[in-house]
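The chain contents come next:
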Amino acid sequence: MFNRVKASWALNSKSAAKIAGFIALLALALLRVSTVTTVNAQSANDPGVRGGPPGAGNWFTTLTKEQQGEFQIIFSNFVEQNEVTTGEGGDVLRTGLGPRFDSNTCNSCHNFPAIGGSSPPVNQLFSVYQLNGAKNIMPFFETPNGPTLVARFPFQSDLSTPDGHVHQLFVITGRGDAGSCNIQQPDFITAAAQNNLIFRNTTPTFGSGMLELIKNSDLINNGTTVCNTNSLGICGHPNLQADGSVGRFGWKAQDRSLVIFSGEAYNVEEGVTNELFPNELDETPGCVLNPLPEDSVHFDPTLPPKMFPGDPERFALFMRFLAPPAPGTCPGGNNASCINGQIQFNNVGCALCHTPSFTTPPSVIGPLSSAKANMFSDVLVHHMGPCNADNVTQGSALGDEFRTAPLWGIGQRIFFMSDGRTTDIVQAVEDHFCVGNSQYPASEANQVITNFNALSPQNQQDLINFLRSL
Amino acid sequence: MLRQAKSDHNQQGRGTREFFRILLLSAIIVLLPFTVIQVGAGGPANAVDPGVRRGPLGAGQPIAGLTRQEQTVWNNVNATFKQVNSVTGTGVIGLGPRFNSNSCVSCHSQPAPGGASPPSNPLFSVYQLNGAQNTMPFFENQSGAALDARFPFLSDLQTPDNGVHQLFTVTGRTDAGNCNISQPTFQPNNLAARNPLPIFGDGLVEFILDSDIVNNAATICKTSTLGICGTPSHSDNDGTINRLGWKAQDRSLQIAAGLSYNVELGVTNELFPNEVDETPGCNPNPLPESSTNFTSGIQPYLFSGDPERFAIFMRFLAPPTPGACPGGDGSSCTNGQAQFSAIGCAQCHKASFRTPTNTVKALTNRVANLFSDLVLHHMGSCLADNIVLGAAQGDMFRTPPLWGVGKRVYFLHDGRTTDIVQAVENHSCAANGQYQASEANKVIDNFNALSSKDQQDLINFLRSL
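Chains as they are written, first to last, in the working numbering: chain A, 366 to 835; chain B, 95 to 559.
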């Protein structure tokens, strides 16, 4: 409720900026017409974040009573706050934050339009970074009404050896519960000056329990068919994991499952060591303040079974049981617009990568079993051109490759693209276009965007309305 | 008990073999002056492997100092490690459709559950179980290591593959419905065999500080006059140091457990939830086959899927206890360890690390005498398997920990030898067009230049571990 109020406030305050942005876009589009002869101007307008109730944040209603019971308990794990050393208390306070961290709870970044989602309109990191006496300065790229971004350095300080890892924004230095730990934040200004800084915007987790189970063969066969049959130059590939299966989570499809993703994010984003990733990311003396792993199995037999495993298993259950986003009404209230929009979406070729749906195989969890997942993604990685490239290689995803971002729930997304660079979904569509250079090939989406720009203004708007209905 | 009896029996068999080996050695020593002009740098070793150490198992027990609650859970999760999976049915299910074996313990059993390959290849009692129509791949031998197979390349012999190709399929098993898939075609020119690693003490290895591993490797790199310079294997996930597996490709016991459950047994789980082969008719069970148990009133340790229980079992397995010096002369092993350090073995096979403070008190601040630096080294084309995993190139391997090596039957990643002297010698390899020389070359030269007595002492020391 609180979040929704904030959301509508932020969006109202943005209308003026949006009009200005639109004019700028028109100018840009005109420029493109002058240089690319086959492309018409894009003339659609983003209706903005869809109003109405959040179409996400609830568990599957068909879970068993026991599973629903678990969901309610583990919900509190997802919103729990981690402190460095003093936090062990009940279900909502935990120890283990830092020594380096991006935030102190899952919920601060996975928050919109409901818990489990993506970046909220008001950047929650501003209420975290100096909490409890921490002396952090806010990195220049975080803004109060911008996306919550994490930072990666493509290269090490020699600017040639690959790095690619997350460099946490904050340190616990100065916090009342951090002893004498004295480490510095990364030097983001220098990294930026060296063109060695990239950002990642939070991805939502609704429906990820279905995504986790989709058959490898369905994903691979779909990709192969598209590769062999389309005339637009689209050909993705899977980011294969250690067991030979298709990676499916994260901007580069680098993560295999919700459990592994949870354990990783718990250590990388919050600095909480756990049984999957048991070592601290910074072991400077005086900064490793807790026994390892900070989160672990509870051996006390008097605890209920759900308290036996460490937090990552519970985070994973929470996400696995989160229902996929429910589409809402068509912006403007004219349903025919969205119906035509989806037809145009297919016609221009968007659906070649943004595959409308896959069906899950039989699962031990009822609602995840043989269920249609309308996620609008092929879960493969594609070349997106130098304009989108972040020079980070993860698994078999190269510096210019990204997983086709699922579009379900996009009607209630605020920030778009891997780095959250725009709040304008029309701009996000246009940003799929990029010519190649000596380092990276052209974006696989170029022909599709050219097709989009060649649509009539009505068809363009309908397509955009369709996206915002999701 | 049965297993111990079998293994004792086998050790008697080894004793007989040992007798012939000594006989052979004596013959060599007598003939040596007539055939070899000089034994020295680059010459053959004069030591003989005393064989698998007899006496107490020295492994398989939980680490000392567990709380009563931890001990109780370990006693129970023990059974999970030994459980046998069937394809379908009322017991523990999920085997296949492709698999290497049907339980963890079948390959991890020497000298106790959690260990390495037993003397007699356990896969021979698994491959045709329950009507399965598998043929045994050519590289598996009845009295050889239980090997699994990776293919360096796809069938074009060019595009990297690197993945495990399971030896067997469920086809023909009575619990496998009408699943009908074929075993892979194993080709000697595109095959990398892997011998099981023992798990004893990995609960300590898992927690060793990254900075200790990295700093040690950096120091050796700077100071070694032998050309030794290892590479830590950074995790793609969180950037910390991967340290488990032949190529240091795995970060933690829990992830390794989930991975192996799917890759080795074919049991899908919450960490790796999809089947390795999805041929219609071959996926009879809902996914994942091992998962959270929501039944109310169960024992808490039964809530999580199996990988969590495997991980607890392994994490609490005590490190191997060294035994008596083979031959009974303790000073031989004392000198052996001095030689081991003096010639440079210990530059990679670092004697010990200390663990940091742990949530589990029994794992806290312990000296782990693992004889490994836990980083990757170039081992030359003779050992190279062309498998690239994470930071490990085709010629790179993690320094295998040597604790418990006195009780190991098969050596090197592909289990190519049962002779620990041969295993030492196999560390030496000249450069070729593809791969640089082994980082161990100078050390093996040093070994070969030792007196016969020092060589034997060094070998005795290894077999005492």
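Note that these hints are calculated values from the structure, not bench results.
These numbers were taken from a predicted model, which means no experiment stands behind them.
Each hint should be verified, as a subset may be incorrect.
To be verified - Below are the DMTMM-like pairs computed for lysine to aspartate or glutamate, each with C-alpha atoms no more than 20 Å apart in a straight line:
#, chain 1, residue 1, chain 2, residue 2
1, A, Lys-500, A, Asp-583
2, B, Lys-316, B, Asp-304
3, A, Lys-737, B, Asp-304
4, A, Lys-500, A, Asp-665
5, A, Lys-500, A, Asp-542
6, A, Lys-580, B, Asp-304
7, B, Lys-455, B, Asp-250
8, B, Lys-455, A, Asp-583
9, A, Lys-580, B, Glu-519
10, A, Lys-737, A, Asp-583
11, B, Lys-316, B, Asp-330
12, B, Lys-536, B, Asp-508
Hint check:
no., hint, in the structure
1, Lys-500(A) / Asp-583(A), "violated, 50 Å"
2, Lys-316(B) / Asp-304(B), "holds, 18 Å"
3, Lys-737(A) / Asp-304(B), "violated, 43 Å"
4, Lys-500(A) / Asp-665(A), "violated, 38 Å"
5, Lys-500(A) / Asp-542(A), "holds, 13 Å"
6, Lys-580(A) / Asp-304(B), "violated, 36 Å"
7, Lys-455(B) / Asp-250(B), "violated, 52 Å"
8, Lys-455(B) / Asp-583(A), "violated, 46 Å"
9, Lys-580(A) / Glu-519(B), "violated, 46 Å"
10, Lys-737(A) / Asp-583(A), "holds, 13 Å"
11, Lys-316(B) / Asp-330(B), "violated, 26 Å"
12, Lys-536(B) / Asp-508(B), "violated, 23 Å"
Taken one by one, the earlier hints fail for this structure at numbers 1, 3, 4, 6, 7, 8, 9, 11, 12, listed in ascending order.
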